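For the record, the sequence lines run as chains A and B.
Counting from 697, one number per residue, gives the positions in the first sequence under our numbering.
Counting from 87, one number per residue, gives the positions in the second sequence under our numbering.
Incorrect hints may have been included.
What the hints assert, rightly or not - What follows is a list of derived Cβ distance ranges for each label pair:
#1 A/ARG775 - B/HIS143: 44 to 50 angstroms
#2 A/ARG775 - B/GLY140: 51 to 57 angstroms
#3 B/ASN182 - A/VAL706: 42 to 48 angstroms
#4 A/ILE850 - B/GLU89: 41 to 47 angstroms
#5 B/ASN182 - A/PHE720: 22 to 28 angstroms
#6 A/ALA796 - B/VAL128: 37 to 43 angstroms
#7 B/ASP141 - A/GLY760: 26 to 32 angstroms
#8 B/PHE150 - A/GLY760: 16 to 22 angstroms
#9 B/THR175 - A/MET835: 42 to 48 angstroms
#10 A/GLN839 - B/GLY140: 16 to 22 angstroms
#11 B/HIS143 - A/PHE768: 31 to 37 angstroms
#12 A/ILE793 - B/ASP177: 19 to 25 angstroms
Since the hints were made in silico from the structure, they are not lab data.
Computed from a prediction, not measured in an experiment: that's the story for all the values here.
We put the CB at the ideal spot given by N, CA and C, even for glycine.
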Amino acid sequence: MDLFAVAFYVFAILIIGSAAIMVFSRNIVHSAFALMFTLAGVAVFYALLYAGFVAVTQLLVYVGGILVLILFGVMLTTRGYFEKVRTRTVNLVPSTIFAAIIGLMLIAVYVTTEWTLMPLEDGEVTLTGLGELLLTDFMLPFQVAGVLLLLCIIGAVLMAARTRHPHPPAGKSSQEGPGGPSYGEGTGRS
Amino acid sequence: MMEMDWYLGLSAVLFTIGVIGVLTRKNAIVIFMCAELMLNSVNLTLVSFSAQLGDVHGQILVFFALCVAAAEAAVGLAIIIAIYRNNLTVDVTKINLLRW
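Could you put together the complete structure from these sequences and hints?
Structural data, given as structure tokens:
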């Protein structure tokens, strides 16, 4: 029992601090790495709530997939070296007031509502039960999610690899195959 | 095990930090990261309700939300890269083609 509380406080401080670093850091690469700590900390909270499957999925999808995608996005949308990866902030005062209102409202609603709670036995939600539920009751959303992922892969490739101004240099016109290095050349030419 | 109020308060704080980031930053990728942070805080809320109400469906919902978030990340970053290749910037104050 006490171990849960200690883990909660430690990781709460960790993820709030890294989220604040992510928002207020001027370097985008530092923001991305702070986001990694935040996502891993949220996975720890899923594990504390006995949701092991969701925790592993969070680690695989977010830390392993989306974060790498974000880092590639940072690299593809900056010119020059990482010294230029700096941005500014705008509208600091009104947005802080707005966000404080939102946060206070959320916390007030959460604290003042009387939730009817059930004490949870640990290990109640097993991976087997979750899988059976996904393949029986939630079969249609499961398939639709698969189709959605396929469509998004196709759409992302179409949008990111389209060349508006081809400029074929009189010989090699099939250059859009392996994406990575050709983006920089494309931006330099267009 | 902690009470649910602490988990909900933590997710509210994370959501607020994400809102601040979306409102104050100018780089499209940082705004994107803050949107991911807000998605994560809502997922944390769902999992905490799922654990404390003894209902498995919250975890199923979080699973599908993760799927949609992955799809959104791929398409969103592709859009950002396409914008960068057309405008040579990802500064959202300079992308004002549809703004009046």
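Cross-check of the supplied hints:
1. For A/ARG775 and B/HIS143, the hinted distance range of 44 to 50 angstroms is satisfied, since their beta carbons lie about 47 angstroms from each other.
2. At roughly 53 angstroms, the beta-carbon separation of A/ARG775 and B/GLY140 lies within the given 51 to 57 angstroms, and the hint holds.
3. Between B/ASN182 and A/VAL706 the C-beta distance comes to about 44 angstroms, which sits within the given range of 42 to 48 angstroms.
4. The hinted window of 41 to 47 angstroms between A/ILE850 and B/GLU89 holds, with their beta carbons roughly 45 angstroms apart.
5. Checked against the given bound of 22 to 28 angstroms, the beta carbons of B/ASN182 and A/PHE720, roughly 25 angstroms apart, stay inside it.
6. Taking 37 to 43 angstroms as the suggested C-beta distance range, the pair A/ALA796 and B/VAL128 does not conform, at roughly 19 angstroms.
7. Roughly 28 angstroms separates the CB atoms of B/ASP141 and A/GLY760, a value that falls within the hinted 26 to 32 angstroms.
8. About 19 angstroms separates the C-beta atoms of B/PHE150 and A/GLY760, a value consistent with the hinted range of 16 to 22 angstroms.
9. At about 45 angstroms, the beta-carbon gap between B/THR175 and A/MET835 stays in the expected band of 42 to 48 angstroms.
10. At roughly 28 angstroms, the beta-carbon separation of A/GLN839 and B/GLY140 lies outside the given 16 to 22 angstroms, and the hint is violated.
11. Judged by the Cβ atoms, the range 31 to 37 angstroms given for B/HIS143 and A/PHE768 holds: they are separated by roughly 34 angstroms.
12. The hinted window of 19 to 25 angstroms between A/ILE793 and B/ASP177 holds, with their beta carbons roughly 24 angstroms apart.
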